[in-house]
Amino acid sequence: MAEVVSPVPGAGRREPGEVGRARGPPVADPGAALSPQGEIIEGCRLPVLRRNQDNEDEWPLAEILSVKDISGRKLFYVHYIDFNKRLDEWVTHERLDLKKIQFPKKEAKTPTKNGLPGSRPGSPEREVKRKVEVVSPATPVPSETAPASVFPQNGAARRAMAAQPGRKRKSNCLGTDEDSQDSSDGIPSAPRMTGSLVSDRSHDDIVTRMKNIECIELGRHRLKPWYFSPYPQELTTLPVLYLCEFCLKYGRSLKCLQRHLTKCDLRHPPGNEIYRKGTISFFEIDGRKNKSYSQNLCLLAKCFLDHKTLYYDTDPFLFYVMTEYDCKGFHIVGYFSKEKESTEDYNVACILTLPPYQRRGYGKLLIEFSYELSKVEGKTGTPEKPLSDLGLLSYRSYWSQTILEILMGLKSESGERPQITINEISEITSIKKEDVISTLQYLNLINYYKGQYILTLSEDIVDGHERAMLKRLLRIDSKCLHFTPKDWSKRGKW
Amino acid sequence: MSKLSFRARALDAAKPLPIYRGKDMPDLNDCVSINRAVPQMPTGMEKEEESEHHLQRAISAQQVFREKKESMVIPVPEAESNVNYYNRLYKGEFKQPKQFIHIQPFNLDNEQPDYDMDSEDETLLNRLNRKMEIKPLQFEIMIDRLEKASSNQLVTLQEAKLLLNEDDYLIKAVYDYWVRKRKNCRGPSLIPQIKQEKRDGSTNNDPYVAFRRRTEKMQTRKNRKNDEASYEKMLKLRREFSRAITILEMIKRREKTKRELLHLTLEVVEKRYHLGDYGGEILNEVKINRSEKELYATPATLHNGNHHKAQECKTKHPHHLSLKEEASDVVRQKKKYPKKPKAEALITSQQPTPETLPVINKSDIKQYDFHSSDEDEFPQVLSPVSEPEEENDPDGPCAFRRRAGCQYYAPRLDQANHTCENSELADLDKLRYRHCLTTLTVPRRCIGFARRRIGRGGRVIMDRISTEHDPVLKQIDPEMLNSFSSSSQTIDFSSNFSRTNASSKHCENRLSLSEILSNIRSCRLQCFQPRLLNLQDSDSEECTSRKPGQTVNNKRVSAASLALLNTSKNGISGGITEEQFQTHQQQLVQMQRQQLAQLQQKQQSQHSSQQTHPKAQGSSTSDCMSKTLDSASAHFAASAVVSAPVPSRSEVAKEQNTGHNNINGVVQPSGTSKTLYSTNMALSSSPGISAVQLVRTVGHTTTNHLIPALCTSSPQTLPMNNSCLTNAVHLNNVSVVSPVNVHINTRTSAPSPTALKLATVAASMDRVPKVTPSSAISSIARENHEPERLGLNGIAETTVAMEVT
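Which chain is which? The protein sequence lines are A and B, in order. The working numbering puts the first sequence at residues 1 to 494. The working numbering puts the second sequence at residues 1001 to 1805.
Isolated chain B (complex conformation) (with noise of 0.2 angstroms):
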């Protein structure tokens, strides 16, 4: 019996409810009304759909049957299992283990490319395989790298060459082939891959877009205050433990660079005890060139240039023995430099007026300290190598991507501070950091401040500043300069740092022509000078003659003064003509075969110093170099690290004749460039620079480039005479293991010691020189001189460049 105003009681969960079955159950009409008693459960579908005809029909032939009828379920789309060739593509049988599987996390990702070749990438293989063996893993690796390089826009061929460990050939056509199937792909990706979303919001609404990250703020709890300041501790805590990191990183290279120092002065006394060089005659013949490079050169060369060669022939044998005590020295770290044999040297060294004396000191110190534990002065602090992308930095194509390998500086500050620090010389110093007092040689004046820079095709120009000093400086006579400017060599790149306030007084606001002509000699004020052309005795003669033609064209392989010669010769945008640079050549080779032939005739006294040699081949360090840089830019690193001692020592050849001893025509390098790298690096030899710099970057991939590069240029430095062959090579492998190379390879790192080596082996081993045509030279042999040319014209520059690996 219904009864209508009765109202059940809710349905409570914890209480008990009796089970009536079969023919206990009362009669249900009793209780048809309560339904409604019990609230109605959502089914939890959507409504729409709840309403769907063949969902309703199932339900309800459910609830009329109790199980389900065939015909009445929700009919979905059909699907077939019959892949008849399932057997055939799922090869191989697997065995259900006894144990369950277990995974581990690192197993899952194997290093197998994610590109899958389809069969148009078949036919070419086919096609490729006719010429060379590819195989379709191999291939696959190779898209596999290239798509991942590339973004929105496509690796460049250089770039594809770098990523790809394969033969040229190979990658040009492979590239060639991908370049023209991703433009045909209709995809962002020849990788099919989910469309990912963009951090503008843009994609908000994309349905192709999917797993979007979830972004959430960093949850603090929020009735701990403290949490913002407890995060920024941790902040703190983090930068300084990268700082550690990189301090520790920076001790480990310097372990590495002491150990590769002793290594190579091992070498050199291997070398020379099998050239039987017991008196150090060799040597010093290298070294003397070498160190008249270094900035911190053999501190004997003060003042007067004449002393300095006659220390030269006094110190042949202390030399030898300082470049051993230097390798002990490195292991005692930090010792006082006073201790060394070269008193001599120091005495000189602090003669000069007091206020330079600690400056002096503390380059010397610097020398053996391979600017390690300076972190004060080296104040560019390496950004975390890896430090992960989390911050929202916009997409687009124009965002910074961190390379990786790629250690990033952060901004310097310094310079601005050093601005302020001395209102006196402010004018002037900003001046400096961009325009550099700077004299020619052809006119033979000073121009005032100015500021080389390299403009298109190499050419150097020379922006000009004008200052209210102006009038002062243009009576600045080069040759007041010129008289001490061997004293410049031994500038501290710290000057700018340890200026007094004593070198301040004498600078008035316009200063006098003799007050800078003071802050030059005690550089505090750099000025940029050509360096002064040498001649050796017995070259004189001949080098004189040829004096107009040389300087114009020695500017190519030599520093900044010649191209600033240049410059003055023809005009700003003047650049050199091809005709010029071909004299250069064959005058090079000339040089080389000079300087050959006085060692010659000191080992072996039956050489004429005139070899008749074919001017085709003589055009060789150069055009070599151009030639194997054509080709691959490890090339160019490889000769040129051969190749560099041979300009070196014919500029030095000439330099030679006045007696004096510029260092690259630089009076003051250092001048703005406050960090040791920059400072080492202009002072060694450019083209060991940029050599070391492109075996850096180049790496462990190139190595075997570098043999056969070596095998060609070292053979071609040298003049085509099989009886001084060999000496020629030992001769090379002297000069590549001189100081300044050591000095290069302390300041960077791993690979350039390695190329060293493999010059030496490749050196010593007897090879049969490639030849190459002189007609070689060209317009794209010149351009391929332009890393060379940056290297050399790198030497003024505040910062050179570099990648640290």
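Just chain A, with the same shape it has in the complex (with noise of 0.2 angstroms):
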């Protein structure tokens, strides 16, 4: 039952990625594969082999988004259709499936309020791909020869992506086309200056597109970014990223952090602590106060999120840190942004679970804190939008077991049945209304029964919730939290 019924929008599985391949140029036909340039230049979309979770050889359809050329060897940098751009890779030649390439069609260039199905935001389309044409017959070889030359061929084809008027990516989703007014005429302007997202992605280009940094090294830890992030740029073309676990300045080299850390005695973040249970701690950090931390968190933080602006300073932000103690200090396990003053009632601005403490309760842990406070500040509060893949899964297990925990402890008074409105839940939480419906919903807990509505907690639901419960461990201690929430609005300008 729940399975068949999803709410969901666009919920069938392949179904995206079907269309896409629907409206993409046709399946390799022969003449195709032997195209003008016989060349695989940005744009085209092939198979390309790829291990997945269990292991197994697959070939999911992908698009080049970039071509390199490593002493003598040329890298691709693909993106997988379908799969989120944290997974994008550069690979070589072995894994493509050429038989079944398919070039980028010059003529069947859509207009662009069409959408561009299927594609990813971003992507070098078409534009990119007539931009290369047009230099290609002059210079034999298009594809680059140094990996110093992908800037500037990076650059001449965002400043083709920035031309182009209207460039919007479309979903294949009917309706709300109200999304693109503010930018349809194509003029890039400076973005909105709240908030910590961006969900206007007309502005992307090749180069926010791609993964730029190889390796990050924080502490034990060896970290594979998952998406661009605007460190200094002569840093892009080490091998590893130096960090220090504390400050998070990074360096060049494992030298420049062993000096570093000479003349760095920081053994936790530069905040002050506002929660301790155990080993784990928050810190609050005043994105004002102290910018070099922030920002350099921030520069951390953009590798694992797609959405997340830089464009602005950090100062309306505050930023806690979540650690977990050990005898070397206070380690960084993941944070959260917060507006000082949010005018959408945003208690999260930007939330991260570092990748070598996810999957273990953190990001819920996390959420929880962010909800915690919301509850001494005496408000609701929601996560900024758009929210991410892992970002919505997290949430909406958060306030599933969050809702689940309260409908599940009321016991009903004097044989009457328990009852509760959806504005109490919020209260309780701090869990803004819409966001509640929308669990209920999600859970299909909502229904509507002679003439009203009533929650439905059904055994699978229950069973399932005790046994998540069961391996929630971590949970915010509300006595072990010392907050006072600041009015902000009255301190002038943060």
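Treat the hints as calculated values from the structure; they're not laboratory data. Hints are supplied without guarantee of correctness; some may be wrong.
Just so you have them, the derived chain A footprint on chain B, three or more residues with Cβ under 8 angstroms [claimed, not checked]:
no. : stretch
1   : 1051–1059
2   : 1074–1081
3   : 1135–1141
4   : 1199–1212
Fair warning: this is a prediction, and the values are worked out from it, not measured in the lab. Ideal placement from N, C-alpha and C gives every residue a C-beta, glycine not left out.
Each of the two chains sits in its own frame; use the hints to bring them together as a complex.
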């Protein structure tokens, strides 16, 4: 029952991909494979070998976003269609299935308003393609010869993108055209100054589309970034970027880090500890007062948050860094940022559990903490949108568990059936009303019965919840929170 | 039973929802169709991403299994947690404090360098460590400073030396290394930094630019119209406060200066005591020479040069007294001058035409006023030291950057006003601001209005300008000027301000010769005239015999008049030859020697005036200056302080020949310079100026350089005669603290007294002099005189560039 009725729009699993394929260039007829260039260029689509989680080989369709040449060996930056960008990677020639290559069509450039179905945000599409082709007759080898030359080429591509008016990726869902209005003229303007996430990605370009840092060493961890982050450009060519675990300063080499550590005596985030239970602590950092840490944190976070924007300074934000203590110090596990004053009831701007700590309950702990703060403030809150896939899952999971906890905790009074209003749930949990409703919907708890709405807790919901709660060992203890909210509106500008 | 026609009510968040559980649950078939009645809530995700394969798979899995399944999670790039050198990297342990960690905001910025050494640097360090010790942190600080001082263009080695307080060799090594590394560096800086936005908007789309400033307009409340007015008021308030600060700072400086003067006076007394100069003879010797260089020199030197000489003798003692008086007068500042024992002087000064009377009085007062409370005559309002550069100055290599510790003067507007003030003199005035009535010594004539400037290599170039007065001016005989030139000494720099209508009456559109002369005489018109050469009686023979050569050579050290003379001899573009320079150096030393000899005769009466010194040593004064200069400007500063009195004494020796006491040949030096600063600077001995300025710019960091410099210079300025060495040293001391220098001190500030003290210390210590080969006078040496010469030439310039630190 539950799997049949999916309240999520467009939830049919392979549907978007299929649509993409259907509307894309026709699948490899032999003539197309032997294109005039005979080269694999940006915009080509072809199956690329990839190993999935179950360690099986699969050949998902991918798009070539960039080509580079490292000591005579060509590397292709591929984006797997319908997979998240974080899985984009550089692959060698051997992993490409050239038999099924689809070259980007020159003329078949659909008007942008009709959408470019299935294409990823900001992928270099036909416009870029055209640009490349204009160049290629003059230069016999269109692909780049050195990694350094990736920049200029991408720059050209980016300009081409920027100049392209009305570039908009559109979903294949009907309706909701309103988000294209703000930038339909295509003139890139400075983004809005509130919030920390971008949903309008019309300024996106090939540079930000691709990961630029290969590896980050942070404490005992080595992280593979998921997305672009604007670390100084000269550092992007390094095999490893070394970060100080405590102040998050970046260095070129291990030697630099060693030297830095002789000067850096931080053993915890440079803020005030406002929560401590066991080894878990939370530190509050003011984005205005501690700019360098806030910026370093943002740069690191950007590696794992696609929609995060670092366009503006960190002044209007507070950063809550969760740490785990051991004898070496307070190690950063994750963080969330929060606007000092939010006009849209956001209680979280960006939220991230660092990859080594993921899937261990820390994300939920962060979320729980953010709602604890809202409870102290006496407000309801919601995370800033858009949510990422992982963000959506985490929040849904948190909301579900929190709401179910309340619903199941309600005892019937004097034989009456227990009842509760949505507002009450919202007040108790500080979860914004809309999120409560969407969760109830998502869990399929809300039903209309005999002229009124009822909440139904089915057996498998209850069982599932109980099983999940057994696994959820990390909880926030509100008694350990020492936090007095500040009224930022009285402090002038932040 | 589902009824499709049935329409559910909207979901009311305030309405209680009964909860059904387990077996109580109604048949959900009855409920199915209702879902559409509840509006679908957006997930909050981007539409495209929402449909991603792994997410959808995870969502489905969750809905099926009600919990996460390992294989159904969203895959992410891997992360490893196996950095095996972690414990070696992060040394030591950190104990969790009992209390919550609370951080003090001011603890955050420790003064550690941002630059972190890499292995390449380590190689260099290892190499350098063979010769000297340099610690990694020290190296990092150096690189850090270099990086932070450089923007688009690198700092020069000279700047680097000022920036880094290290050994010269080390600086050079590190600097060269840094320049090389920086060239090979791909980034804009060796300290990796986030790209900054440019304000012109060109970086709006640069993906590597991050953390842009949020520029918001000043928000004024909509219904408050007076917001702008109150903003203006706040601005005004701010301006006034900053003015108050300026005033207070100047008061502070004045008080400091006063204290300095007191100390120096004390020092003079002490030194005299040690010298046994109870009668004030030595002091007077020095002071006579000194005072002649002052603008506010004893007013007794009016009208009659001969009279001056007699008076000198008479006032020997009073002179000494007056010095004390000065000191005490400082304490009760602004006391009326007439109370001074130099009443005689005052009377003479009052004798000139009545119109100039108040002027002179004023200047007399000024002498002890230390230009502190005379804000009105000091129109240069200091701009606030560190005005935040919030304004929208466009970025770029040419953007103006304020230097820390540097005060910038607001533009001066007063000049324009003065030209309009008096229409009749207007055209003359106009000329005057840039051009000055000028007289040459050889050939002896007035060349009309001209302007002196320094060309390449220190050549003095006269720019002449033709005026309608030229025919008249040509008739001016320099002798006419000479006849009253001594009176011009007491010119008040503010004569421009106090010009009265009465004075303007004589000024026709085209002035007659007599009018011009009278204008000059009454200080309304400045006249630039070379100093007349005076010789002391005992030396007269010798000096006159050498006169041509001397005059040429003397130019190097003396004031502009001689420079002018040189121009007339060598033509406009002609410079001085090396040979001339050398002979001049020798003569200088000779003069010195003679001077010294006289003093020695007075005191010891057994020294012959003609001591035989090797000529090589003779060239010491300037030579040592140039030598030391070569290594660091600080050396120059120090040596100049010490050696300044020597050349000036030799000049004075010549001056006394004619009995006139011109001040550096500038008859009316203050004509265009209305600021006290420039006036004072122009009047005090110029090497002193440059010395003081250099000392001040160099600041404390160079004090260690000062002592060696002094050690080398002070003995060299003296004959290498052991018997007279101590004596000479004392002389030096006295001259150092002689009134002119006192004035320099008072006009400038802190470091120069320090330098003087150092000079004293150095001079009174027995040091082995650094041997300076005479052959070292080269073109390089000459170039090193540049600052000095600039200082000299600054005499007649309108302003003396100064950095007030």
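Here is what the structure says about each hint:
1. Using a Cβ-Cβ cut-off of 8 angstroms, 9 residues of the stretch 1051–1059 of chain B lie near chain A, which meets the minimum of three, so the contact claim holds.
2. Counting residues of the stretch 1074–1081 of chain B whose C-beta sits closer than 8 angstroms to any C-beta of chain A gives 8, which meets the bar of three, so the coverage hint holds.
3. Only when three residues or more bring their CB closer than 8 angstroms to a CB of chain A does the claim for the stretch 1135–1141 of chain B stand; here the count is 3, and the claim holds.
4. Counting residues of the stretch 1199–1212 of chain B whose beta carbon lies closer than 8 angstroms to any beta carbon of chain A gives 8, which meets the minimum of three for the stated coverage.
Violated hints are absent here; each numbered hint is respected by the structure.
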